[in-house]
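Asks: Residue-level listing of the chains:
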Amino acid sequence: MKGNILVVDDEQIVLKSCERILSPEGYGVDTATSAKEALSLLDRNFYDLVITDIKMPEMDGIEFMKQAREKNPDINIIVITGYPSQESIKEALRLRIIDYLPKPFSPTHLLEVTGNAIDLKKRGVTPEPQVEVYTEEVSAKLDAVINKYKHKPGSLIPVLQEAQELVGYLPPVVQRHIAGGLKIPVSEVHGVVSFYSFFTMKPKGKHNIRVCLGTACYVKGAEEIVKKFSDGLKLDVGGITSDKKFSLETVRCLGACGLAPVVVIDKDTHGSINPVKTLDLLKEFE
Amino acid sequence: MEKYRTSVMLCGGTGCIAGGSLKVKNALIDELRNRGLENEINVVVTGCNGFCAQGPVMTVYPEDIFYEKVTVSDVPVIIEEHFIKGRPVERLLYKEPVKKQTIPLMRDIPFFNLQVLRALRNKGLIDAEKIDEYIARDGYQAAAKALTEMTPEQVIDELKRSGLRGRGGAGFPTGMKWELCSRVKGDRKYILCNGDEGDPGAFMDRSIMEADPHVVLEGMIIGAKAIGADKGYIYVRAEYPLAVHRLQLAINQAKEYGLLGENILGTGFNLDIEIYLGAGAFVCGEETALMRSIEGKRGMPRPRPPFPAQKGLWDKPSVLNNVETYANIPQIILNGADWYRSLGTEKSTGTKVFALTGAINNVGLIEVPMGIPLRKIIYDIGGGISKNRKFKAVQLGGPSGGCIPEYLLDTPVTYEDIVQTGAIVGSGGMVVMNDLNCMVSVAKFFLEFTTDESCGKCPPCRIGTTVMLDILTNITEGRGKEEYIELLQDISQDIIATSLCGLGQTAPNPVLTTIKYFRDEYESHINEKWCKTGVCKELCTFYVDEEKCKACGACKRVCPQNAVSGEKKVPHRIDQSKCIQCRSCYEACKFDSIKIGPRSLRERLMETTDQEALKEIYTAAIAAKEE
Chain A
122 MKGNILVVDD EQIVLKSCER ILSPEGYGVD TATSAKEALS LLDRNFYDLV
172 ITDIKMPEMD GIEFMKQARE KNPDINIIVI TGYPSQESIK EALRLRIIDY
222 LPKPFSPTHL LEVTGNAIDL KKRGVTPEPQ VEVYTEEVSA KLDAVINKYK
272 HKPGSLIPVL QEAQELVGYL PPVVQRHIAG GLKIPVSEVH GVVSFYSFFT
322 MKPKGKHNIR VCLGTACYVK GAEEIVKKFS DGLKLDVGGI TSDKKFSLET
372 VRCLGACGLA PVVVIDKDTH GSINPVKTLD LLKEFE
Chain B
17 MEKYRTSVML CGGTGCIAGG SLKVKNALID ELRNRGLENE INVVVTGCNG
67 FCAQGPVMTV YPEDIFYEKV TVSDVPVIIE EHFIKGRPVE RLLYKEPVKK
117 QTIPLMRDIP FFNLQVLRAL RNKGLIDAEK IDEYIARDGY QAAAKALTEM
167 TPEQVIDELK RSGLRGRGGA GFPTGMKWEL CSRVKGDRKY ILCNGDEGDP
217 GAFMDRSIME ADPHVVLEGM IIGAKAIGAD KGYIYVRAEY PLAVHRLQLA
267 INQAKEYGLL GENILGTGFN LDIEIYLGAG AFVCGEETAL MRSIEGKRGM
317 PRPRPPFPAQ KGLWDKPSVL NNVETYANIP QIILNGADWY RSLGTEKSTG
367 TKVFALTGAI NNVGLIEVPM GIPLRKIIYD IGGGISKNRK FKAVQLGGPS
417 GGCIPEYLLD TPVTYEDIVQ TGAIVGSGGM VVMNDLNCMV SVAKFFLEFT
467 TDESCGKCPP CRIGTTVMLD ILTNITEGRG KEEYIELLQD ISQDIIATSL
517 CGLGQTAPNP VLTTIKYFRD EYESHINEKW CKTGVCKELC TFYVDEEKCK
567 ACGACKRVCP QNAVSGEKKV PHRIDQSKCI QCRSCYEACK FDSIKIGPRS
617 LRERLMETTD QEALKEIYTA AIAAKEE
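Chains A and B, in that order, give the protein sequences. Our numbering numbers the first residue of the first sequence as 122 and each following residue consecutively. Our numbering numbers the first residue of the second sequence as 17 and each following residue consecutively.
Worth flagging that the hints you see were computed from the coordinates, not collected in a lab. Take the hints with a grain of salt, since some may be wrong.
[Stated by the list, open to error] Subject to a maximum C-alpha distance of 25 Å in a straight line, what follows is the list of computed PhoX-like cross-link-like pairs (lysine-lysine): (1) A:K273 with B:K327; (2) B:K594 with A:K355; (3) A:K349 with B:K572; (4) B:K594 with A:K348; (5) A:K388 with A:K348; (6) B:K594 with A:K398; (7) B:K473 with B:K497; (8) A:K398 with B:K553; (9) A:K262 with A:K388; (10) A:K192 with A:K323; (11) A:K323 with A:K262; (12) A:K404 with B:K39; (13) A:K273 with B:K271; (14) B:K313 with A:K323; (15) A:K348 with B:K548; (16) B:K271 with B:K247; (17) B:K553 with A:K349; (18) B:K116 with B:K403; (19) A:K398 with B:K403; (20) B:K85 with A:K398; (21) A:K348 with B:K553; (22) B:K313 with A:K271; (23) B:K594 with A:K349; (24) B:K247 with A:K269.
Isolated chain B (complex conformation) (with noise of 0.2 Å):
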């Protein structure tokens, strides 16, 4: 190997190749020729960094200066200063958003300093499409441990000690699933692998996928020996281009090094693995229906028993499970059980990934040891609310889980703890929101989801996500009546107690958790016809503040109907003939002049044309408000 004196480490992770990464590479690479630095400096496409919201990223080494939002014309700037001169650019470093504090050193950054590095231990670090660096990184050493010293009990027993639990969703204990699997007789068994990562909102596998494919091999080839597949199949969503790519070359690679394929490193053990593509089916995450898929047919799942590891895909015994869960497997297997215990709490044992997303500062792939406070992952690793904004809920699990609000945040995150709240941990989506989102609009939203992607075999889940649906969209639309709530609760135990699937077990956590924690937003959308965040357009009424006004003109400015008028130093007025309740005012507005009233207003006044009868109007909603 080349030695370097530099390393720059580009990451080229979906979020920032979108942000132009490959571009930013290209030039650097030109830059570094045309400087005659090409053998000094390496230039590393890595998997994606984790922290998307900065992107494109960089971090040069040795030093681990984290460059962010980097774009070409920086480029010849990052070479003649920091390069040549050894003077880090400084506006390219991350500057912390609270205290606009600026951080040069990676390590420093409580992004990545407050995480725990071990599914994700590469990200950043290694060329994806390099096996070599893989394996500089101990890469298949626990593959070859697991093959040449170690019987399938041996493997099993190790897992089912390190407590890991499948990081799907439903959090069910890997080792025992293998452990069922292999004491199943079967001429032929299959190892699968879930990379049809539906929940919207969550991108840990995507990750792991584009950044360490190996990893998520050689868990594979650990898995194969412990139930004796000789088969296996990741699924990938189509949706995921740069993930399947990644990994088609990582298995021919293994091919070729003889880690894939017959007789594996002269162990006579053999392994085949073959990408699916997935074609969009939120209900193929769940196993059966997975399995149908793979056997070219619509992914419908089945009643369990008989469970997959006993007939599984073609009726064969067969395990799935989910990208993360291999990712963790290799290093289980290399540095033992008790190692992998020392995180996390008694029941909810290691590390989890998760996406953390929505109105925060810090977007990104993060990984914390179980039991980490909420509060803390959205905090100090995702540096609080973006835009000085309120926050109101997280929403844990996606469609199958549901939105913790403030006074909860201290709950640790650990199955068993968030259950407790009514959300789940779900595959690892973590969005959050803030007092822009209006909860019964939010509920609506994964009511829509599931309604959509149900697969339609059972009518608990067909019939009755689509009676929620309809039930929550009256309520939005001003036709709420009082009774609904306690109607949403009722169906709502009838689909969690009859549906065949997780799919519709889980539906309709999103509107029972809303209900239980946000049962002021949907008593006030029913009972007053009126949504105080705005969404729900026909419960609201945009209106000014005069008193507060201080004629800047800022919502004058975004109004997209010009329907705000007032010259200078006239308080300002909207329009409500012209309004369409787009909330453009309402954002814009820096002193809190703009209010929502309730849907009623917005006829009084209309229908007002004396100006001091309105100016009543104004100051009773006002005051009103204030109560």
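This is chain A alone, in the form it adopts within the complex (with noise of 0.2 Å):
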């Protein structure tokens, strides 16, 4: 089978053709004609594609969507529907929709869509992760360094800059926005984020763990306080503890040499550390 489909709509006929385009194609296809129904199917049944319509009778469509992510935050989600107005699409575009089919739909748009989404569930492409520190809140504070900068010549640095202290990191959400903000292609946002090495599009530990690896640190051992992190801790360079406690990141010079091997623990610089026992620095975090 090519994978597992819940189509939810109020009209028999849309749930009747969607079937019957897609299964001959060998696809799995479940239907249900209102959300309510499709919340149970999906609460019992695992699905790799979600197509529904916006506009349904008692829960819309974009209620569902938001109670669909609940339940399976990395679901795939296909939206039909026959009244495109602005702001329905706004709102399942904020749902991190990953396609949209425009009612009415030919047979062959219908499956080009499900093929493109299926395949991409396989490559492991799932829908943007939700971002929990973007709150409203959040939101609205960072309107507030953007019209702080807004009229600045060469802004874009220092909103990023106080966006990654906001937030922690700067996840896609956040780069739209700040793109939106201050008109910007979102493009060039990303080629400034991915430029500078401050900046992380990765979210941080509880406690942030910095590795100088200047020259001074590196004849002192520092490849090796890595390596006992990384092992210790079970992370990567850059990577984060499944606990979310310890993130590991090396920094190409603290400019603390006289202190080499330096290592930084949140705020506070630890110097001359012999590599053997750089697991001790951890101990006051247990």
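Build the complex: two chains, separate frames, hints provided.
Replies: Here it is, written out as structure tokens:
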């Protein structure tokens, strides 16, 4: 089988035609005439893809997607609608849909969109993960930062620095927000984020460990220290432990060469570390 | 101002703060208050004193007593013994590492007394957060002189005659740079300061910004006057929070005193200076890239001409100088070009600040006259190689520089002489390496750096450094081929000739100099699969010379794998199947009985179980080594 699909629509005719088009192509298709029914199906079965209408009685598609996301944050969703209003599309985009089908659609179009979505899923592409720290409060604060710099030339880097301070890191949703606020292309924002080592697109742990890899630290065994941390905490450089307690990164040079080798945990600088005893530094966090 | 009988200058540089100097400060203040001495003894937190290895350090005036490694528990003793009874605390005084001699006075310590402080003249003497202390040391007098008594031409002329060259690395004459920009007509010009100290192993600029932020501002004011700029930016790394904090304080105070802003000192001259935080990209040390970065874009260099003096930041004429360059300027204006030229050589005048680090006793920040031989820096000021190991090389100029071997240590430190060796003076990082360092790995370390930091704009740098790194990785992991050395040299020449900016043009230097001076190491890595320093794990075997082994157990204790066996009085032996080549035993052994053999030895040892045969292999290996 190519994949399991759940189709949700209040019109039987849509459900029937979807089933008729998709089943012969080797997809497993379940249908639901209401959001409520669909949610209970989601509880019982595993689906690779959900295709849903937006305008439905009782619970509409938007609310359904929100609840479906709560059950399975990584599920891929395609939206069908005959009333593509600006608002509903915006809302759907915010819920990270993977594609969009305007009514009426042709069988070839449906097959193409479905095929692409299943293909993406197989390649491990899931919708952008929900960013817990990106709350409405944070979003409002971001706007304040953007407004503070908006009219200054060259404001992108300072805005990104403050945004990272605020959110902890710069996930795509934050980059899009900033691009929108400063009225510049997202590509330009991403270009700057990926260029400078100060910016990170990965979240940091409760305690962030930075190992200096400057020359003075290097000649005194900094590489060994990195290895001790990554083996001891079972994470790679740039990674975060599964309990989100520690993250590990390396830095170019902290300019504290007199103390080499140097490790900075959160804001505390630890100098003259014996590589063999690296993990002792973590004792105070136990 | 209050009058105190004693002043305690406690170092508040990043190094000493990490060592706990702020806790010492609080303890001092509390204890002095408890004893009612707060009006007699003054505690000042200064910027970096320079002697970072011994931190936290403090100096007590008027005696000039220097204390090192001071902790909170030492505070009551210092107050009781020294401040009350007048007897300096012996055990906290500096001990000379070679002769184990105690030296109580700062001015007698070789680390300090061989230096000449110009750019660092206020280090350890003033509270960096108070403008009054800077002014009390003749601060802003040069700016006043330039603004009220001198024309831009006179300022430029003085600088040109002083021979001051850019301290950021390239050594371009500062006066000439200013002259170029001053001649360009423009409605707006920018004066920029490069505090994006990116070289690993260098912290000169950080120390100046932390210890004496006003001198940077003063240098920029003079520069602004010379070129006719009314707006300045200081580009500082975000990794230097203390420097940023102190610079911002300094700017605020200078504005309050009417030394920055509009109508400075009533002369009608305006200058506004802002701090711009860098976001971590080595290439932003290149001037056109730095300007792109201030514009909020990816910091990628562009071809020159047009030079920044004509079209720089936002396409306006701009001058960019390094922090240390600015720190030299006020003194030149005040004392004149001839005074400045009195030190150094004909073409490399004045002094240069270096960050002396690595395998050396006195790690720290130093300022020396140009022309001083490297040997004097390393052995007299630096106190020689730490832990009684042997000197192998000194690395100058970071990823753009090179490694200088023992036999060239009498080379005078000038721009011209250092270039002759294949290294560069650079921004001032000076990393000393000992016999435990593998030079092929060092070259690889720098190539990893440049590969990572290449901005990717021009292919020679982006692809060339990657290919070189691949070759070096192959060599260090045992896949080296004979033709690789020549190949590395060929690629290097192409990268140097065709790269767009200084990053690519100098990236091959560490490889070229290590091949030039340590070719035998490359050859043994490639031909014998043998890293004689034991750094390249795939290319070595650790074993015990059983004749020399005193069975002291030192190696057994440090081995993380429990690979060393042997009772007391029985020579120890390393179990090759357990050994992970961490080199701990080698460093722990005091009798030179741990040996490093080629990788092939390991396989032979692992195959052999017969005791007699094993002994034979050991004997043969040691004999081969001694040849």
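Asks: Hints first: check each against the structure and report whether it holds.
Replies: Hints and how they fare:
1. Taking the CA atoms of K273 of chain A and K327 of chain B, the gap is near 20 Å; set against the 25 Å cutoff, the hint holds.
2. With a CA separation close to 22 Å, the supplied pair K594 of chain B and K355 of chain A stays within the 25 Å bound.
3. Of the supplied pair hints, the one linking K349 of chain A and K572 of chain B holds, its CA atoms being roughly 20 Å apart against a limit of 25 Å.
4. A threshold of 25 Å between alpha carbons decides the hint, and for K594 of chain B with K348 of chain A the separation of about 18 Å falls inside it, so the pair holds.
5. Between K388 of chain A and K348 of chain A the alpha-carbon distance is near 21 Å, which keeps this suggested pair within the 25 Å criterion.
6. Proposed proximity of K594 of chain B and K398 of chain A is supported: the alpha carbons are some 20 Å apart, at most 25 Å.
7. In summary, the hint linking K473 of chain B to K497 of chain B is not supported, as the alpha carbons are separated by about 31 Å, beyond the 25 Å threshold.
8. Taking the CA atoms of K398 of chain A and K553 of chain B, the gap is about 20 Å. The hint holds against a cut of 25 Å.
9. The hinted pair formed by K262 of chain A and K388 of chain A meets the criterion: a straight-line CA distance of about 24 Å does not exceed 25 Å.
10. Distance hint between K192 of chain A and K323 of chain A is fulfilled; the C-alpha atoms sit about 24 Å from each other, no more than 25 Å.
11. A distance of roughly 20 Å separates the Cα atoms of K323 of chain A and K262 of chain A; the hinted pair therefore holds under the 25 Å criterion.
12. At roughly 22 Å between alpha-carbon atoms, K404 of chain A and K39 of chain B fall within 25 Å of each other, so this suggested pair holds.
13. Under the criterion of a C-alpha separation no larger than 25 Å, the hint pairing K273 of chain A with K271 of chain B is consistent with the structure, at around 21 Å.
14. Taking the CA atoms of K313 of chain B and K323 of chain A, the gap is near 21 Å; set against the 25 Å cutoff, the hint holds.
15. Annotation: proposed proximity of K348 of chain A to K548 of chain B holds, straight-line Cα distance about 22 Å (limit 25 Å).
16. For the hint pairing K271 of chain B with K247 of chain B, the CA-to-CA distance comes to about 14 Å; that is within 25 Å, so the pair holds.
17. With a C-alpha separation of about 16 Å, the suggested pair K553 of chain B and K349 of chain A falls inside the 25 Å cut-off, and the hint holds.
18. Using a Cα cut-off of 25 Å, the hinted pair K116 of chain B and K403 of chain B holds, with the two alpha carbons roughly 13 Å apart.
19. Straight-line distance between C-alpha atoms of K398 of chain A and K403 of chain B comes to about 19 Å, which keeps the hinted pair within the 25 Å bound.
20. The straight-line distance between the Cα atoms of K85 of chain B and K398 of chain A is roughly 22 Å, inside the 25 Å bound, and the hint therefore holds.
21. Between the alpha carbons of K348 of chain A and K553 of chain B the distance comes to roughly 14 Å, so the proposed pair stays at or under 25 Å and holds.
22. For the hint pairing K313 of chain B with K271 of chain A, the CA-to-CA distance comes to about 15 Å; that is within 25 Å, so the pair holds.
23. A distance of roughly 18 Å separates the Cα atoms of K594 of chain B and K349 of chain A; the hinted pair therefore holds under the 25 Å criterion.
24. Using a Cα cut-off of 25 Å, the hinted pair K247 of chain B and K269 of chain A holds, with the two alpha carbons roughly 20 Å apart.
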